[in-house]
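S.K.: The sequence shown begins at 1 in this note's numbering and counts up one residue at a time.
Honestly, the hints are just simulated from the structure, not real lab data.
Careful: at least some of the hints might be erroneous.
As the list claims (entries may be wrong) - Cross-link-like lysine-lysine pairs, in silico, DSSO-like; alpha carbons within 30 Å at most:
hint : residue 1 : residue 2
1    : Lys322    : Lys304
2    : Lys286    : Lys352
3    : Lys304    : Lys286
4    : Lys182    : Lys268
5    : Lys286    : Lys322
6    : Lys286    : Lys307
7    : Lys21     : Lys268
8    : Lys354    : Lys78
9    : Lys312    : Lys352
10   : Lys286    : Lys150
11   : Lys299    : Lys322
12   : Lys354    : Lys59
13   : Lys58     : Lys78
14   : Lys59     : Lys27
15   : Lys268    : Lys186
16   : Lys58     : Lys150
17   : Lys78     : Lys59
18   : Lys352    : Lys78
19   : Lys354    : Lys58
20   : Lys354    : Lys21
21   : Lys268    : Lys299
22   : Lys299    : Lys286
23   : Lys59     : Lys21
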Amino acid sequence: IKSNQIKMSEEEFDLPEPSLKNIVDQKTLQWVFVGGKGGVGKTTTSCCLAIQLAQTRKKVLIVSTDPAHNLSDAFCQKIGREPTPITGFDNLSAMEIDANDDMEEMQRSMQESAGANDDDAESGLSSFMAELTNSIPGIDEAMSFSELMKQVQTLDYEVVVFDTAPTGHTLRLLSFPTILEKALGKVMDLKDRFGGLIGQAAGMMGGGGNDPAAMQDMLVGRLEETRTVINQVNTTFQDPALTTFVCVCIPEFLSIYETERLVQELSKFGIDSHNIVVNQVLFPEKDAEELGEWYEAAKDQLPKEAKEICAKMMARKRMQDKYIGQCFDLYGDDFHVTLMPLLDHEVRGVDKLKPFSENLVDPVDLEESTGI
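Using the sequences and the hints given, assemble the complete structure.
M.R.: Laid out in structure tokens, this is it:
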């Protein structure tokens, strides 16, 4: 897209500013989700946004809910299941959570509460929880997420940034209230029809110690507790004053398509989304036509290898401009679309993340067009 076209349209229609400054300035925000297709730079965007928020907020937490954690790699320091202070900051922490670990922890606490102390009891409860997980897909993630939210809510953070798993995983996270309703409905129905059958089933498998009824009550109680937490969280997530979702993509067909699906799903779940970050953009301040004019004028003086390299770069730039144009056509009127430049080095470590994060709030000036 032409830089001057963006300038004209911004002046004519007063389009949203192409930056995430609106998120940093919105002091009521408590929850910020960052999501998109795999491999588009969600973790880098999450870290950069958290760094910018840390400049204006008292305490900021960034949480990775992606099973393939990258926060440790991004910050170049070991980050675990408990909030870990980020080196160089006194108000920014990070944590990486694992659904499987949380489920195991939950099982242990249930065994202790129900008096299941021996190995047979442990394996029995594990078997029963596995059955429940298999019969209701997503229940393990829902219960894990509930545990996470309870933990986060007890911590004193002003804003929490979620570095989420790829799109499909994230959309499941938003459907947890529905999953839990089904789970509770199924368990309560069994309880009403068969009395202590659930506890007896766990007892037959070896779980529940000598009191199957205690196991049943524990399981139902934990599901009820989980549903309560998730429903409260869901109400919070549907409040645009408290929660927003940042969609991250790259200027390629599949990524733009996935972003469109994500925006529609978020709208269906009633979750606010008005920011899109486009990563890995070649020369955001220039357009392909401008670069093409330079290439045509200079190519005769270039050696063969340089011509091939420039021709490949030009082809990539034209493709990117096409999809960036589509992105502005689709979202430019309602969304803050931020273009992040492709760098010649990896963005790892606080020393690299800090300067790169400035691009989120002070983006490349599309109104300027400098010569090459």
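S.K.: Now tell me, hint by hint, if it's right for this structure.
M.R.: Now the hints, each set against the structure:
no. : hint              : in the structure
1   : Lys322 <-> Lys304 : holds (27 Å)
2   : Lys286 <-> Lys352 : holds (24 Å)
3   : Lys304 <-> Lys286 : holds (24 Å)
4   : Lys182 <-> Lys268 : holds (19 Å)
5   : Lys286 <-> Lys322 : holds (13 Å)
6   : Lys286 <-> Lys307 : holds (19 Å)
7   : Lys21 <-> Lys268  : holds (26 Å)
8   : Lys354 <-> Lys78  : holds (19 Å)
9   : Lys312 <-> Lys352 : holds (28 Å)
10  : Lys286 <-> Lys150 : violated (47 Å)
11  : Lys299 <-> Lys322 : holds (23 Å)
12  : Lys354 <-> Lys59  : holds (17 Å)
13  : Lys58 <-> Lys78   : holds (23 Å)
14  : Lys59 <-> Lys27   : holds (12 Å)
15  : Lys268 <-> Lys186 : holds (25 Å)
16  : Lys58 <-> Lys150  : holds (21 Å)
17  : Lys78 <-> Lys59   : holds (20 Å)
18  : Lys352 <-> Lys78  : holds (17 Å)
19  : Lys354 <-> Lys58  : holds (18 Å)
20  : Lys354 <-> Lys21  : holds (15 Å)
21  : Lys268 <-> Lys299 : violated (51 Å)
22  : Lys299 <-> Lys286 : holds (18 Å)
23  : Lys59 <-> Lys21   : holds (18 Å)
In the structure shown, a violation is registered for the earlier hints numbered 10, 21, in ascending order.
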